[in-house]
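The residues making up each chain are set out below.
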Amino acid sequence: MDLSSINPVLLLASLMVAATPIMLAAIGELVVERAGVLNLGVEGMMITGAVCGFVVAVGTNSPWIGFAGAALGGALISLIFGFLTQFLLSNQVATGLALTLFGLGLSALMGQGYIGIKAPAFPDWYIPVLGDIPVIGPIIFQHDPMVYVGLALVAAVWGFLRYSRAGLILRAVGENHEAAHALGYHVVRVRMLAIMFGGACAGLGGAYLSLVRVPQWTEGMTAGAGWIALAIVVFASWRPGRLLLGAYLFGGVTVLQLNLQAAGAAIAVEYLSMAPYLATIAVLVIMRAGRAPGSLGQSFHASR
Amino acid sequence: MIKLEKRPQPSKRWTFATPIVAVLLTMFFGGVLFAALGQDPLVTIRTIFFDPLFSEFAWFYRPQLLIKGAPLVLIAIGLSFGFRAGIWNIGAEGQYIVGAICGAAVGLAFYPMESFIILPLMVVAGALGGLLWAMIPGLLRVKFGTNEILVSLMLVYVAEQLLASMALGALRNPEGMGFPGSRNLAQYPSATSWINQSAGMHWGVVTALIAVIFAYIALSRHIFGFNVRLSGQSPRAARFAGVNPGRLILICMGISGTLAGLAGLFEVAGPAGQVSIDFNVGYGFTAIIVAFLGRLHPVGILLAGGLMALTYIGGEIAQSNLGLPIAAIQILQGMLLFFLLAVDVLTNYRITLARKAH
Amino acid sequence: MTTKTLLASAALALGLATGATAQDTTTVGFVYVGPIGDGGWTYEHNKARLAVEEHFGDAVETVFVESVPEGPDAERVMTQMALQGADLIFTTSFGYMDATINVAAQFPDVKFEHATGYKRADNVSTYSARFYEGRAVQGHIAGQMTESNIIGYIASYPIPEVIRGINAAYLHAQEVNPDVEFRIIWAYTWFDPAKEAEAANVLIEQGADVILQHTDSTAPQAAAQAAGNVVTFGQASDMAEFAPFPRVSSIIDDWAPYYIARTQAVIDGTWESMDTWDGIGPGMVGIGEITDAVPADIKASAEDLIERLRTGEYHAFTGPINRQDGSVWLADGEIADDGTLAGMNFYVEGITAEIPQ
Chain A
197 MDLSSINPVL
207 LLASLMVAAT
217 PIMLAAIGEL
227 VVERAGVLNL
237 GVEGMMITGA
247 VCGFVVAVGT
257 NSPWIGFAGA
267 ALGGALISLI
277 FGFLTQFLLS
287 NQVATGLALT
297 LFGLGLSALM
307 GQGYIGIKAP
317 AFPDWYIPVL
327 GDIPVIGPII
337 FQHDPMVYVG
347 LALVAAVWGF
357 LRYSRAGLIL
367 RAVGENHEAA
377 HALGYHVVRV
387 RMLAIMFGGA
397 CAGLGGAYLS
407 LVRVPQWTEG
417 MTAGAGWIAL
427 AIVVFASWRP
437 GRLLLGAYLF
447 GGVTVLQLNL
457 QAAGAAIAVE
467 YLSMAPYLAT
477 IAVLVIMRAG
487 RAPGSLGQSF
497 HASR
Chain P
33 MIKLEKRPQP
43 SKRWTFATPI
53 VAVLLTMFFG
63 GVLFAALGQD
73 PLVTIRTIFF
83 DPLFSEFAWF
93 YRPQLLIKGA
103 PLVLIAIGLS
113 FGFRAGIWNI
123 GAEGQYIVGA
133 ICGAAVGLAF
143 YPMESFIILP
153 LMVVAGALGG
163 LLWAMIPGLL
173 RVKFGTNEIL
183 VSLMLVYVAE
193 QLLASMALGA
203 LRNPEGMGFP
213 GSRNLAQYPS
223 ATSWINQSAG
233 MHWGVVTALI
243 AVIFAYIALS
253 RHIFGFNVRL
263 SGQSPRAARF
273 AGVNPGRLIL
283 ICMGISGTLA
293 GLAGLFEVAG
303 PAGQVSIDFN
313 VGYGFTAIIV
323 AFLGRLHPVG
333 ILLAGGLMAL
343 TYIGGEIAQS
353 NLGLPIAAIQ
363 ILQGMLLFFL
373 LAVDVLTNYR
383 ITLARKAH
Chain Y
2 MTTKTLLASA
12 ALALGLATGA
22 TAQDTTTVGF
32 VYVGPIGDGG
42 WTYEHNKARL
52 AVEEHFGDAV
62 ETVFVESVPE
72 GPDAERVMTQ
82 MALQGADLIF
92 TTSFGYMDAT
102 INVAAQFPDV
112 KFEHATGYKR
122 ADNVSTYSAR
132 FYEGRAVQGH
142 IAGQMTESNI
152 IGYIASYPIP
162 EVIRGINAAY
172 LHAQEVNPDV
182 EFRIIWAYTW
192 FDPAKEAEAA
202 NVLIEQGADV
212 ILQHTDSTAP
222 QAAAQAAGNV
232 VTFGQASDMA
242 EFAPFPRVSS
252 IIDDWAPYYI
262 ARTQAVIDGT
272 WESMDTWDGI
282 GPGMVGIGEI
292 TDAVPADIKA
302 SAEDLIERLR
312 TGEYHAFTGP
322 INRQDGSVWL
332 ADGEIADDGT
342 LAGMNFYVEG
352 ITAEIPQ
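Quick note, the sequences are listed as chains A, P and Y, same order.
In short: position in the first sequence from 1, add 196, done, that's this note's numbering.
In short: position in the second sequence from 1, add 32, done, that's this note's numbering.
In short: position in the third sequence from 1, add 1, done, that's this note's numbering.
If you are wondering where the hints come from, they were derived from the structure by calculation, not from laboratory data.
By construction, the Cβ of each residue, glycine as well, lies at the ideal position given by its N, Cα and C atoms.
Some hints could be false.
Listed next, the in silico DSS-like pairs over lysine-lysine satisfying Cα-Cα at most 30 Å (straight line) [to be verified]: (1) Y:Lys-300 <-> A:Lys-314; (2) A:Lys-314 <-> Y:Lys-48; (3) Y:Lys-300 <-> Y:Lys-48.
Rough simulated footprint, nothing fancy, chain A against chain Y, three-plus residues with beta-carbon under 8 Å [unchecked claim]: (4) 197-205; (5) 212-221.
Please model the entire structure based on the sequences and the hints provided.
And the structure:
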């Protein structure tokens, strides 16, 4: 074993990138769940975003327009979920699972004819001055722009939930929809907007895989990333700050595990891979304060 | 403006009519989709929904419906108790995996001994495995108030890793030329769950049918079923009626875990035959959908499980005979679920045209 | 009545009923484990299916079902194909082994071909490719292209097929560069683009400037391209979109010649159960074009190696070779037997890592 071959600077730098797709999807789901809605269809929305982003980026030869298309595609497919759960009051767990099934099929059909094509290049940003700082520069300031978009989104959601009036309303709707309704807030409207935001973010996360990380379209390419995003939201106890930590932990365990293997350490990969999920359960138990939003997963119908 | 008005009682008529409406809607829009893909919509719909039941080879497909439907029904029946009481175990996939691992491990430990006692021991081990895996979220919920939806979901991922570890390590077939996967239990007479393979009969099918009957009796005739329903509709009233919420949670989680574990054991000892890395194919998640499609009613679940199995088998026929991509089948299944969930609103709500002005 | 007799009599009845038309067209079925759009394993099998259709025209009809899970679903799909009159069925995943044997026992008149397995019957053949020959060529090029002397290897699962590939690549890299060192990552997946990209990056960060992959996505290629100075090889399909650099060559699964030959054998009535393990010679293992990014002398020696493997003059596992623990596996000039190769579960001497258990 040769642990000295692991370069901690590069490890942290690749962790930033590895965490980005799950972070993007998770921050969207966090907003959805804070509004009291449990959408288990993240995987389906991610893969739809991945294919939409790829198709648009190849068509326009612009990754940026591709990301916009991915966000739009993710938001559109999330509307199915929103319409069913908010207007027709269907069960959220079942609808979310159906959305994943539907998204996997839809993406595979849309992606026919895009297999084996390369996406337009999406170069890294070498941020001048900051990027030249030793250690911190390569870790934080030499990535592709979407890494920073992801971080900015997390910060924006944090600020939105904490300081804005709209954020307060969203939290109120998630904690107790009856009370929020009694105060005159439009529970369904707030939730529809949150669901669309969640879909758009999941779409961006999927497109990050198909346009930056891989970058190619193949069927089923999200390979379970959407489910990990769901886990991270819980790990974070529905708080954006901890979500950052959670995304780095989940991304980090994968990167660390691969690093240890490459350095020749004989480790039980399966047991290490379990670790983040067990940690999430431990967090759920220990951080009693981080309770789930009060109305999470419940249908709302304004009887009056 | 269209408004929904809650019915005082769920409509009996719509309870029966909505599934039919949903299937008809799916056939129509599915037909549009298939036409867009350049297929004959009528032929395609007939292939998916009717050929497994009434074609030349229906004698082969009908037993296959049992094989595909049994684990779905068995798991969904277990889940329905908790869902009625407002207890959300969505980790049946994990309990299914652990049940299969535990049951198979017992069977493999006896190999190559032949004895009538082996299968019963495996059944006990499988049930216990599923039960214990479900007790983790159950106890955490009761002791610490931890959200059982999320814990049970997390434990699915843990179980999947455990499965990979077992298939590559402890349970690997020593005569398997180094490939992952255990010995084939279907070829081990004392351990197989098959009763009659050509009829699609294995102990899982029998257990699923027994579970349907028991669930029906429990829910309609027994105080336990009354408590479950009461807890789901009005937790406070249930507490006044003397229902211990903690115990109810443990019982509901226990039933669903046990049945999911049994489903896994019967699958691994019969149709699947071996513990392999990709042993689980999502029955635990599909069963959640089946439970809702069946309106959480035992007979409904039986029919819903059959319908899901039908689309799987019909979908395979359509792929093979018509060259339809699997993606189109997945979209069709997604649509079916969406429509079923969507029209369900008519059961519990009345659509009225309300005037805007007061 | 048992399943066997029931199905057999049904198949017989069907055979009589459709006997007249059966002479006109031969139906060939394909059962795939992944989607045909996976760009790797299943994609190449499907390409070969299309080649069969093109080669025989109207004389052959092909059917396929994709993303079939191993277990009861696979058994059902195979049975259904046999019932619908398939004459020959290719089952293209190791995990279909027991299902293939079961179904074949019920349809004695239908021929089955199971990929990468080891169980045969009168109407079940097995076939696989000697991918390790391609790995030897990759090792030969990699050993000379590396400047850091560190070669990264993204492996899937610790099974003989993959271990054989690592050994073949290592032996031939070490032959041309005694200082070469292998860094091996087990991804525990055949296909997970994000994880494969991660693995490639980790290997590059640890100093690898050549990446060999035994997983199917192009993610490692993209990671190498982003790094700029890292050499890769295509896997399963040519991955030519990354040529001429970083992808300097590739191993291509080319099932078409075999599928066409076996279909022809069924048409001619000469089909027999056999075990086929073909390499570069018969064309089952294709070596993608070696690009000009490889210096001319290395390219020439690699092509010479390919030629010697093609003609059978040279075997990729020719002694002296020791096991990792230093014990003798093959004496000088001795050639590995297929049985040992098929079940290979040890590294050769010089590899420092351990096979995970």
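Against the structure, the hints come out as follows:
1. Restraint check: the Cα-Cα separation between Lys-300 of chain Y and Lys-314 of chain A comes to about 27 Å, which is no more than 30 Å; the hinted pair holds.
2. Of the pairs offered as hints, the one joining Lys-314 of chain A and Lys-48 of chain Y holds, with about 20 Å between alpha carbons and a cut-off of 30 Å not exceeded.
3. A C-alpha spacing of about 28 Å is found between Lys-300 of chain Y and Lys-48 of chain Y, which places the hinted pair at or below 30 Å, so the restraint holds.
4. Requiring three or more residues with a Cβ within less than 8 Å of a Cβ of chain A, the coverage given for the segment 197-205 of chain Y holds, as 6 such residues are present.
5. Counting residues of the segment 212-221 of chain Y whose C-beta sits closer than 8 Å to any C-beta of chain A gives 3, which meets the bar of three, so the coverage hint holds.
In summary, the structure agrees with every hint in the numbered list given earlier.
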